[in-house]
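Going down the list, the sequences are from chains B and L. Quick note on numbering: the first sequence equals residues 1 to 297 in the numbering used here. Quick note on numbering: the second sequence equals residues 298 to 623 in the numbering used here.
Mixed in with the good hints there might be a few duds.
Looking from chain L toward chain B, a few residues come up when the C-beta cut is under 8 Å (computed) [unchecked claim]:
(1) Leu339
(2) Val340
(3) Leu425
(4) Val428
(5) Val433
(6) Trp434
(7) Ile460
(8) Pro461
Derived by calculation from the structure, the hints in this document are not laboratory data. We put the CB at the ideal spot given by N, CA and C, even for glycine.
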Amino acid sequence: MAVVTERPSVDLREPAGWRRTKNRIATVLMVLSFVVVIIPLGFVLYTVIAKGASVLGWSFLTSQIPPAVVPVGTGGIGPAVAGTLEITALATVMAVPLGVLGAIYLNEYGGNRPLARLIGFMADVMTGVPSIVMGLFIFSIWVLHFGFSGLAGAFALGCLMLPVVIRSSDEMLKLVPDSLREGSYALGATKARVTATVVLPAALPGIVSGALLAVARAAGETAPLLFTILGGLTTVNSNVFSGANTALPLLIFTNATQPYVGAEARGWGAALTLIAIAFILMIAARIVTARFTRYSR
Amino acid sequence: MSAATRAGPAGTAGPARALSQRRPLGDRAFQVVALSAGLLVLVILVLIAVTTSQQASSWFSAEGFKIFTNNWNPAANQFGALAFIFGSAITAVIAVILSVPVSVGIALLLTEVVPRRWAQPIVYVVDLLAVIPSVVWGLWGILVFAPWLQGIYTHIASGVKGIPVLENLFGQPVSGDSFFTAGLILAFMITPIVTSLSREVIATVPAIDKEGAYALGATRLEVITGAVWPHSQGGIVGAVLLGLGRAMGETIAVALVIGSSPAITSQLFAPGYNMPAVIANQFGEASGVFRAALLGMGVLLFAFTIIINLLARGVVARNARRHRGA
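Work out the full structure: start from the sequences and follow the hints.
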């Protein structure tokens, strides 16, 4: 018995000495890297909310844009809000159905064919194309011939959204169990019918959520609009199909370099509005996803 | 008609459809529509290359290889773009150097350290960085961040005075608007994508490798360096490349904080310029060869990002293949 108690006890739970210290340092560094990210995020959000909230209000969101020298209180950012909503909606109407159809091809028809693999790969590559290049592309192919318009801006945003929607919808279609498809085929349904009435409804919440996130990203884009809708408008252009238009990101971009307090303040107000739009879309996406997981459980 | 009669077994149960019957028109039409939507991706990519190059051709033909000289003077019709290419490279490299250690750190924190129920909120917070639009980063950068950084730059510059290499890098603060400020803001912007890609890669490390290392008494750090890192190295290189591509194409935030003066210098705190920023800032007043030159830089940007993307996807695919085989 005595022999056993005299044995040095070995602590198996924690390594000792320098190895343990190194491990601690590494863990602290990992936590620090998260802290390093929170700081600029908090800094930006705090500044935008602090400076934007004071100017925000219903009349600010709906009034015409005054000249840059005018202090806050008169006028607002109405045309930019209207432009952003119109152009983003139009881009969504174009890009989402096409993106979902593309994903249906990749997942339901293409399978492992070389063409489908090529399209999938190129959709990935297309998500990496800079947004400014999309703007220059629409400028070259559309604006040079038909002039600046909200439609041109929607084309550029749509080009940005398309690969994102294809990729997210593709992921969602992959999650639909094959037994659902096989059951419908066994009843004699054609592939188109199976896809439209069985596969799509099953994947719909996921597709909607992915599309909302794509819209949220597109709504904040500036560079593609610079060469397609021109900006600089002070009144609402309700015709999205012709004539120059404006949007929140363009207004912020212009006002950021204005030396006037009023213009700067309107810039902050517009920034807060833009972030709010993105957040609302993101939260909507989360809600849709949450409902989806509840149903599938 | 003939197919139906052939298949009908003596007409007892009415005309039954043969299994080999041709698919109905609507079904084939749907397939064609879906296929064309998919092909649209290829069409758009080809059109981007063709139309923008066409519009930029007068730049390429007027300057030839002089487009790669450091000689930008629109007033004198000289359009050498080297300073902008340099600016694009330097800001993207600064962004990657600053962002990658942090991103990989967060990815390891998420996969190896915190319990699953904490991981999701952390992901939400990091993804918020990507929700803030580029132009809002720019607005904050030019009005709040750059003026604040200027004081810090001045301190650093006086601190490194007389130290050989550092003096050449950090010795010359002119204002808060500089290569480094642009790189820093780009780093914030690419961190979410690099984090999520690294995390995806690290999550594929087989649990058995890690458990084996823990069973041998390895600390968490030793598991990371011994089991996780060798497995995910290639994938993380791919993530870094994709981050580099993103950083190169980011426009508006950079256009506001880079300082807008074309320069090739080793001084990171000096104002500079890069390709997307000059396109965004000067396109409005450009025409003729000037506009072609700006469009041409768009073509270069497109080419660079496509090459980087192909390279990154190649690296990731090869890495995944090798480890699946192992």
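Inset, instruction - Enumerate the violated hints, using their earlier numbering and listing them in ascending order. - result: As far as the earlier hints go, 2, 7, 8 are violated by this structure, in ascending order.
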